[in-house]
Structures are given as structure tokens and as C-alpha cells.
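K.L.:
Sequence:
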Amino acid sequence: MTELLIVFVVSDGVQLMDIAGPADVFAEANTFHGSPLYRSVIAATKRDIRSSCGFRLRADLLLADVSTGCVDTLLVAGAPDAAARPHDVALTGWLRQEVPRARRFGSICGGVFPLAETGLLNGHTIAAHWADVECVRQRFPAVTVDADAIVREEGSLRTAAGVSSGLDLALALVREDMGERIARDVARQLVLFYKRPGGQLQYSKQRALSPAGRSALQSLQRRIMQQPDADYGVEAMAGMVALERRQLTRLFTQETGLSPARWVEQTRLTVARSLLEDGRKPPKVVAAEAGFGSVRVLRRVFQRHLGVTPAEYRKRFGHIH
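In case it helps, numbering that gives the first Met the number 0 puts the sequence shown at residues 0 to 320.
Because the hints were derived from the structure by calculation, they are not lab data.
Wrong hints could be hidden among the right ones.
What the hints assert, rightly or not - 27 Å max Cα-Cα, derived DSSO-like pairs, lysine-lysine:
1) K194 - K314
2) K283 - K314
3) K314 - K280
Please construct the entire structure, taking both the sequences and the accompanying hints into account.
P.N.:
Set out below in C-alpha cells:
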């Protein structure tokens with residue numbers, strides 16, 4: 000097979016794991032392949048780059064010297080502060096012109112921001128770090144974000160949600176190019192999940208529960224937060240605030256963006272996650288105290304929203320006492 004050139008486009012402040020992790024996957028794949036199929040290089044607007052952790056890098060190529068007709072895969076690496084960075088006009092212009100010439104292209108973590116600035120992601124569905132999802136949606140309304148995706152593949156576009164998910168993206172590329180066997184061997188050698196259980200929302204930081212909207216609605220929300228195991232059917236909630244069912248539903252949707260039932264479920268899920276992270280109470284008690292009533296319902300909600308069971312969630316995020 001012809002050598003495949005992987006170009007990592009970086010800027011000052013790049014997160015090392017965004018490039019080092021995937022590059023190690025490609026290097027390991029070369030070993031199992033028996034000959035060097037992949038060649039990974041760093042390209043930037045200048046030779047000397049300082050990473051987010053302080054290490055200095057030296058770019059293999061300046062962007063102006065990249066022969067994009069020879070590029071197989073072009074990946075824009077991210078930085079921890081990518082969302083807050085000013086628009087780099089020169090980088091955007093180069094990406095807009097050169098990205099379409101590569102066979103595959105994409106972003107890792109915050110690399111989605113400079114790539115989205117080009118307009119090349121418009122009309123596509125992408126993966127983005129859970130902390131950046133809302134920012135991407137607001138700044139780039141023509142881009143659809145799959146908030147739970149760790150890696151997203153769409154045509155020639157490949158996007159990885161954040162940091163370690165660059166490893167998942169690289170494994171997916173190896174699987175495309177070399178097949179399942181070598182990709183699995185690489186995962187075993189690097190002690191990686193071949194396919195990670197669940198999506199990235201299980202890793203997301205829980206937002207602090209806080210009432211929103213008008214005073215009557217906030218009073219009801221506080222009651223739900225303080226006693227999540229009570230009856231909060233729509234009729235019951237409407238009676239608590241002396242509103243008609245339709246009025247309550249309309250008010251909740253206007254003020255919170257969620258239906259009453261969805262708000263209650265999200266609140267109960269947040270309570271259950273906290274109880275599981277504390278690690279002391281059995282699932283049956285967690286289900287009851289969070290308002291789910293049974294372990295079966297608790298498990299169904301976790302699978303639907305986080306892609307993992309409560310038991311799996313506790314193993315990964317529970318405190319050790």
C-alpha cells in the first residue's frame with residue numbers, strides 16, 4: 000500500500016494528547032502491519048510551538064509548505080482554551096482552501112473551532128467535547144452536534160469529542176485502512192478500549208441544580224430538588240402551583256426549554272448520579288431516593304441518557320471509601 004500521510008495542524012497552546020495519542024496509535028499500527036503505512040507530521044504557521052503543558056514542539060512543516068495533494072488525512076488539533084481564542088483568519092483561509100484536497104479531514108477536541116470557522120462543517124453532524132457543545136451550537140448554528148458522540152464519521156469528515164477520544168478516532172482510521180484484526184491488536188497493545196462502552200455524556204460534569212423561570216415555577220423546582228421521590232405527574236405539579244396542565248407545560252417549556260416530565264427526569268438523574276458517585280447506597284435505595292421507584296427504571300434512564308448502567312457508572316466515578 001502507498002504511504003498515508005497524516006497531517007496534524009497545530010497552534011500555540013495545543014494539547015499534547017490531541018496529537019501524541021493518535022500518533023502513537025498510527026505508529027503501533029505500522030508495527031503490526033509489518034511496514035510503515037502511516038507517516039505522521041506536525042504542521043503549523045510557525046516552526047516553534049509551545050504546548051498547553053509547557054513543552055515545546057517543532058513543526059515538521061509550515062502550512063505554506065504542505066503539499067496537500069499528498070495528504071491522506073488532515074486533522075486539526077485542539078487547545079484547552081480553543082473556544083475563547085480569537086478567529087485566526089490566516090489559518091481559516093488555509094484550511095478552507097486545503098482541507099477539501101485531503102482524502103479525509105477532521106478535528107480533535109477544540110480543533111473543531113478553527114475547522115468550523117471555515118464553513119466546511121455546515122450541514123454536517125459532528126462530535127465535540129461535552130463542555131464545548133453549547134458554544135459550538137451557538138456560534139455555528141449550521142453545524143449539528145451529537146452531544147454524546149465520542150467519535151463521529153460522516154463521509155470524509157471525522158471528528159473526535161475531546162482529548163483521549165483522539166485515540167478512538169485514530170483506532171477507527173486504522174480499522175478503515177488495515178481492518179479489524181490490526182485495530183484490535185493496537186488497542187490491546189496500548190491498553191485501550193477497542194470500542195468504549197457508552198458515550199461521552201457519562202463523563203460530563205453535572206450542572207448544579209438551580210431553579211429557573213418565574214417565582215411560582217422556581218418554588219415547584221425547589222420542591223422537586225428537595226424531595227425527588229414524590230409524585231410529580233403533570234396533573235400533580237399543576238395542582239401544586241394552581242395552574243392548568245396546559246399552562247404549566249407551556250410555562251416549563253418557555254422558561255427551561257424542557258417539558259415538566261423531562262425536567263423532573265433530568266433532576267432525578269442528577270440526584271442518582273450524585274448518590275452513585277458517593278458510592279455508599281445500594282442501587283435499590285438510590286432508585287427510591289432519586290424518585291425512579293425501581294432499579295429497572297433507574298437502569299433504563301441511565302442507558303437512555305448516558306449509555307451505561309448504574310453499576311458501570313458507579314465503577315467509573317464512585318468514590319472509594
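K.L.:
Now, for every hint given, state plainly whether the structure supports it.
P.N.:
To see whether the hints hold, each was checked on the structure:
no.	hint	in the structure
1	K194 - K314	holds, 18 Å
2	K283 - K314	holds, 16 Å
3	K314 - K280	holds, 13 Å
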